[in-house]
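> Dock the two chains into a complex; use the hints.
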Amino acid sequence: DTGVSQDPRHKITKRGQNVTFRCDPISEHNRLYWYRQTLGQGPEFLTYFQNEAQLEKSRLLSDRFSAERPKGSFSTLEIQRTEQGDSAMYLCASSNLPEAGNTIYFGEGSWLTVV
Amino acid sequence: AQKITQTQPGMFVQEKEAVTLDCTYDTSDPSYGLFWYKQPSSGEMIFLIYQGSYDQQNATEGRYSLNFQKARKSANLVISASQLGDSAMYFCAMRVNTGGFKTIFGAGTRLFVKA
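In order, the protein sequences belong to chains A and B.
Here the first sequence stands for residues 8 to 122, numbered as in this note's numbering.
Here the second sequence stands for residues -4 to 110, numbered as in this note's numbering.
Hints may be right or wrong, so weigh each one.
Partner residues are not named here, just some residues of chain B that face chain A (Cβ under 10 Å, in silico) [said to hold, decoys possible]:
no., residue
1, P4
2, E39
3, I41
4, M84
5, R90
6, K97
7, G103
8, R105
Negatives, chain B to chain A, calculated, CB over 12 Å [claimed, not checked]:
no., residue
9, D21
10, G57
11, G80
12, S82
It is worth saying that the hints were derived from the structure and are not from the lab.
These numbers were taken from a predicted model, which means no experiment stands behind them.
Using N, Cα and C, we set each Cβ at its ideal position, and we do this for glycine too.
Just chain B, same shape as in the assembly (with noise of 0.2 Å):
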C-alpha cells in the first residue's frame, strides 16, 4: 500500500530564514511522482514543486526546492528566504503507477512565518 507520512503538525520559522518540511513515502511501485501543495487558509490548493522517481537531480522552483532522498524514501520541500506570505498548510503527495494514478496526500505541516 501506498503511504506518506508529514511528522511535523506545525512549524515556526522566522521572516528571511529557510525552513524545511519533512516527507517520507512508501511505495513499492519503482514509478512514480512527489509532489507539494500549498493550502492557504481561502483553501485553495496549490502545486509547488514536482519530482519524479527516475529524476537524478532535485527538484528547484524558485524560493522552494525538494530534498529528494530515494534510497530512505524522503521528500522533504525546503523553503528559502521565507516570507509572511508563506504561511499556510504544505502537504506533501504522491502519485503512483499502480492504484490508478490518484494522488495521495499526508496529512500536511502548518507553517508559521514570523515577522
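Next up, chain A with everything else stripped away, as it sits in the complex (with noise of 0.2 Å):
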C-alpha cells in the first residue's frame, strides 16, 4: 500500500496523559499536513510540513501541541496533557509540489477519545 498511512488508528486515553500519532506520507510526496475533524465538520488545518520545515501552524494549535517531521519523511503529532476537547479525529495529508492544482492525500486518520 503506497497511500498515506497513520497510526494509531485508534486512542482512548484519560484526560492529562499524552498521546502521540505517527504519518508516513506516500514516498515522493514533500508536503504534509495535519488536520483535526470533529464530528459534523469538516477537516480543521492544524499545520503543514514543506521536507522537514514546519512552515505554518494554526492558531488552533495551542502550546499542548507539538508536531515534527524529523527527516522530511514521517511526522508525529504529540498532544501533551489531554482535555475532553481535544476528542476528535486527526488526519493526516500528503501532497507533491506545492502548486494550486496539487490535491492532497489523505490518511484514514487517528481517533482520539479523550475520556
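If you want it as C-alpha cells, here you go:
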C-alpha cells in the first residue's frame, strides 16, 4: 500500500495523559499536513511541513500540541496533557509540489477519545 | 480571507437519479484549485474531482462533474445516476496560492441515497 498511513487508528486516553500520532506520507510527497476533524464538521487545518520545515501553524494548535517531521519523511503529532476537547479525528495528508492544482491525499485518520 | 460555504447540511436523492451539492467559495487570489472529497462513515477522505481557477471547461470524473461558475464563485458537485454507495459526507475544498497552499474545507453535506 503506497498511500498515507496513520498510526494508531484509535486511541482512548485519560484526561491529562500525553498521546502521539504517527503519519507516513506518500513517499515522493514533500508536503505533509495535519488536520483535525470533529463530528459533523469539515477538517480544520493544524499545521504543515515542507520536507522537514514546519512552515505554518494554525492558532488552533495550542502550546500542548507539537508536530515534527525530523527527516522530511514521517511525522508525529503529540498532544500533551490531553483535555476532553481534544477528542477528534486527526487526519494526516500529503501532497507533491506546492501548486494550487495538486490535490492532497489523506490517511484514514487517527481517532482520539479523551475520557 | 478564504472561505468555503456549503449550505446544505443534508440531501436526499433517489437511487439512479442525479443530485447537485452546492459549494460557494471566497478568495481574492486569482489562482486557486477547487476540490471535492467524499467521506464515508469509515472516515477516510476520498478525493473525487479537481477544478483549477483557469480551467475553461468543467471537470468531469466518471459520474462526478463539477459545475464551475467563476463569476458567481460557485463550484457545485453533480453526481449522476446515484448509487447506494454514494451515501456519505461530501466536502468542498479550496487551495490558494496565498496562505501557504493549505487546503481549507467547508462544513460538508451529508448525502442519503434512497433505494
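> So, for every hint listed, does it hold in this structure?
Against the structure, the hints come out as follows:
no., hint, verdict
1, P4, "holds (8 Å)"
2, E39, "holds (5 Å)"
3, I41, "holds (8 Å)"
4, M84, "holds (9 Å)"
5, R90, "holds (5 Å)"
6, K97, "holds (5 Å)"
7, G103, "holds (5 Å)"
8, R105, "holds (9 Å)"
9, D21, "holds (15 Å)"
10, G57, "holds (16 Å)"
11, G80, "holds (18 Å)"
12, S82, "holds (16 Å)"
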